[in-house]
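Following the hints, complete the assembly by docking chain X with the ligands onto the known chain E.
Residue-level listing of the chains:
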Amino acid sequence: MPEYPTPATAQDLDQRFAQIKPYMNATMAHYESARCLFCYDAPCVKACPTGIDIPLFIRQIHTHNAEGAARTIYDSNYFGNICGKVCPTEVLCEGACVYNHQHVKPIEIGRLQSYATSQVVNEQKRLFSPAPANGKKVAVIGAGPAGIACACELRLAGCEVEVFEAKEQPSGLVLHGCAPYKIANEDALNEVAWLQSQFGFNIHYNHNIESREQWQALEQQYDAIFLGIGLGATQAAGLRGEDLEHVSGATEYIEQIKLDPMSVRVGRKVVVIGGGNTAMDAASESARLGAEEVTLAYRRPKPEMKAYEFEYELAKSVGVKGLFNVAPVAILGDRQVEGIRLAATRVEAGRLQLVDGSEFDLACDAVILATGQEKRSALVAQIGGIETDRQGRIVVHPETFQSSHPKYFAGGDAVNGGAEVVNAAAHGKAAARGILGRLNG
Amino acid sequence: MPDLSANLAGIKSPNPFWLASAPPTNSGYQIMKAFDAGWGGAVWKTLGVPVVNVSSRYGAINYRSNRMVGFNNIELISDRPLRDNLREIEEVKKYFPHHAVVASLMVGSRAEWHQIVKDAENAGADGLELNFGCPHGMCERGMGSAVGQEPEVLKLITSWVMEVATVPVIVKLTPNISDITEPAQAAAQGGANAISLINTIQSLVGVDIDNFVSYPVVDGKSTNGGYCGPAVKPIALNMVKNCAQHPGVRLPISAIGGIENWRDAVEYLLLGASNVQVCTAVMHYGFGIIREMIPGLENYMRDKGFQRLDDFIGKALPNVLHWEDLNLHYDVKASINPDKCIQCQLCYTACEDGAHQAIRIPEDGSRIPQIIEENCVGCNLCSLVCPVENCITMVRKDDGSRHENWKDFVVAGKAPETFDDERAGGLGHWVPAPTDALKKRG
Ligand SMILES: Cc1cc2nc3c(=O)[nH]c(=O)nc-3n(C[C@H](O)[C@H](O)[C@H](O)COP(=O)(O)OP(=O)(O)OC[C@H]3O[C@@H](n4cnc5c(N)ncnc54)[C@H](O)[C@@H]3O)c2cc1C
Ligand SMILES: Cc1cc2nc3c(=O)[nH]c(=O)nc-3n(C[C@H](O)[C@H](O)[C@H](O)COP(=O)(O)O)c2cc1C
Ligand code: SF4
Ligand code: SF4
Ligand code: SF4
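Going down the list, the sequences are from chains E and X.
Just add 95 to the spot in the first sequence (first one is 1) and you have my numbering.
Just add 659 to the spot in the second sequence (first one is 1) and you have my numbering.
Pulled out of the complex, with its shape left as it was, chain E reads as follows (with noise of 0.2 Å):
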């Protein structure tokens, strides 16, 4: 019997997707914040994107004043408490501490961020008021990280601001991405709800902006327009059997346990083929949703893996194991997976090569592909005149983060090519500043 059973109610889920960083309780705030220092010029605001004023919203909370903590942190970042959990923290703030030079836990800065910020979510207290209007209409496209932030920071200033969304609810892939354990669904949509109470932006969801006419017709309207269109699908990997049934894109069988795990169906044997984060979410979460076995298998040597070296290692306390310098070379079976064939690879010349003859098989019954998503270059070419680099990324102007399009701008995994939720809340409010300086410039 695997470790985690296959769940078979909603509280074997919940269980099984147990909160890594739950909510402090006020005790727990209260000692954790006692033991910051209050660092002069702290390294752990420069780890930030956000910049968050990390020393003062921790001396707040530890003086009772959980909404000045709120606000120091929604002064930086709309995406405080979302950010608390999901943020990789271990190579960020947490990460910059100074109680590490010492081998001290580091001040669990993530955990004291959610817990302020949760105190005005919960209690809808109003922190922020928008200006009167300032006649000025702005699109965003997206209502993930990039794009609310940047309609929270607008709507500040008194623009109108309409969002537009492909999918049904907000938040992106907040919403649709991040590991169940790491951020619970209801989190994912209460910190945008209290935000749109607070700024009073429209969203208008199953609005999928995807022709010609749509841009147009938006260019229009707006003065300006923003792009939080993060990235696309999975992108296929051209391998042989890639059709079969129980061959699964990471982004999407994600997104599936996200929004109805119930209804996924996980393989008794699962091999993961990717060596990023989204490889290591995929395992994770099937191992803990009862597969007997999952390997995840990545074409070069372990320190090469774009995942973080924490999120490894959560995925191999679940049970996951990992094979290096294998490459997937087809996919086995009649009509549904039964095995992948793998070949060994080493590097020549600093190119990855296939080893002859050192093709096996390893029986399974899906295969999951994290070789990343698509961009979003054929998107972005029906807009025209936005250019894009050889990555398919958006290029925009640094600060600004104005596109080559003088009215469209642009932020978030469009513009990175995929970071994390903090980089995108911190594109979305700098690109409002950019819009604003253009917009009354």
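I should point out that these hints are in silico values taken from the structure, not numbers from a laboratory.
A couple of the hints might just be wrong.
No more than 27 Å apart at the CA atoms, straight line, and that leaves these computed lysine-lysine pairs for DSS-like [what the hints assert, rightly or not]:
{"#": "1", "chain 1": "X", "residue 1": "Lys-892", "chain 2": "X", "residue 2": "Lys-974"}
{"#": "2", "chain 1": "X", "residue 1": "Lys-999", "chain 2": "E", "residue 2": "Lys-141"}
{"#": "3", "chain 1": "E", "residue 1": "Lys-200", "chain 2": "X", "residue 2": "Lys-999"}
{"#": "4", "chain 1": "X", "residue 1": "Lys-1098", "chain 2": "E", "residue 2": "Lys-141"}
{"#": "5", "chain 1": "E", "residue 1": "Lys-416", "chain 2": "E", "residue 2": "Lys-364"}
Using the frame of chain E, we list chain X with the ligands on its own:
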């Protein structure tokens, strides 16, 4: 094995750790339990006249992760019937003949004092402690600190007690007075055999900012109380030292105030106390803390080669002098150990904003601060704020050959008389121009 036995003016106990007169010594049950746990003596919760206590009696100061760093109460003396207390004293003495049981007393008239002294002695008390300290509730009735604050009254009442007492008498002093040696001398003149100090310090422990009343709250109102616990230790240490050094006092001292572990006790003994009394720490953690105190003291004595408490009682007294006696040529400067530094820059901001602008952040991007020795006055601040053990140390820079203090300066006519005098302290110190402050804006 070092000998921990203590002797305060003839009151003997197996070790110097006593319970102070307070809630932990309310009953025979508690004191028996404490002796069984290892405590050497106990001063019974003050016996005297009938009282009525209020409900909600304590308040506290919490500092960061620590609770009850300071503690405050508005309680009165024992509210249990005198006869019950006396009967229990007798019982405790039966089971623990070698432990010290001291009766704390507080009454009004001469006749009442005579009576209660006899009662306590008949019950078997090894000594008497006169409570002239309680800063609330009893002073309004002419007792407690109302006595302790009037040296003449204190002396008179002490002499009433001495008329009949046959066991050693300790006078417990209130710190709510500007010069503690005055009541201490009065106690000596009244014939007391020992003094104990300090009782609690008059205080308001905090204010309820939602209901506009100080703590502790009694039906929407409050009153000043008595402050004790770790926060008062520095004040008590100084008072104990003052009494121990004063030629007009010369009485054995039982030290009280913020004692929580063996180190605290050793500090008081080094400043001249013969034993110590503990209240708040027991109210916080229970009698079990004695398990840390006794072996800690033994270990210290073994390490230092002390056989008996007398080997080190008062050993620090010759080194605690007046400011004018300190060597003005002694010169220390801060030194940062870069291998230990965790780069919090608390030293930088402390010295920059709170001291002498003698620490810089290097310009090469390193976060490890550097001391600007020319500016460092050797104040210690940075080493006190540094969160890492032994990371900032104060290093001696003078060669130790010169010893001159302020008194010597005056005698030699070297004391600076104008600010332009070369020898004036601040003259050589570099300070930035006021407007440099604005250049540092981020
Ligand atoms: C599996 C997975 C796990 C992750 N885990 C973490 C994590 O633990 N921590 C972390 O910080 N980050 C994580 N990330 C990354 C993070 O989710 C993204 O970096 C972040 O969500 C990017 O925000 P965004 O706003 O740029 O894009 P998205 O979140 O992708 O939002 C884009 C939104 O735009 C909508 N949209 C796109 N095109 C159109 C269109 N043409 N018309 C209308 N709407 C459109 C989309 O439906 C979507 O809602 C994870 C990503 C994945 C895939
Ligand atoms: C609640 C409380 C009641 C006290 N009652 C008495 C008392 O009845 N008689 C007395 O002499 N001192 C009394 N004290 C003072 C203590 O004996 C002691 O002097 C003081 O608390 C300082 O010691 P500490 O810092 O260890 O608490 C009381 C203290 C407290 C906290
Ligand atoms: S580095 Fe750590 S201790 Fe210093 S301010 Fe940041 S969280 Fe606090
Ligand atoms: S000892 Fe005082 S003056 Fe010298 S560096 Fe430290 S804080 Fe500054
Ligand atoms: S206070 Fe101590 S640890 Fe912090 S920067 Fe200064 S020397 Fe380093």
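Hints, one by one, checked against the model:
1. In summary, the hint linking X/Lys-892 to X/Lys-974 is supported, as the alpha carbons are separated by about 19 Å, within the 27 Å threshold.
2. Only pairs whose Cα atoms come within 27 Å are accepted, and X/Lys-999 paired with E/Lys-141 is accepted, the gap being roughly 22 Å.
3. Note on E/Lys-200 and X/Lys-999: the hinted pairing holds, with a Cα-Cα distance of about 16 Å set against a maximum of 27 Å.
4. Proximity of X/Lys-1098 to E/Lys-141 is assessed by CA-CA distance (about 22 Å); at most 27 Å being required, the pair is judged to hold.
5. Restraint check for E/Lys-416 and E/Lys-364: satisfied, since their Cα atoms lie roughly 12 Å apart, inside the 27 Å limit.
The structure meets every hint from the earlier list without exception.
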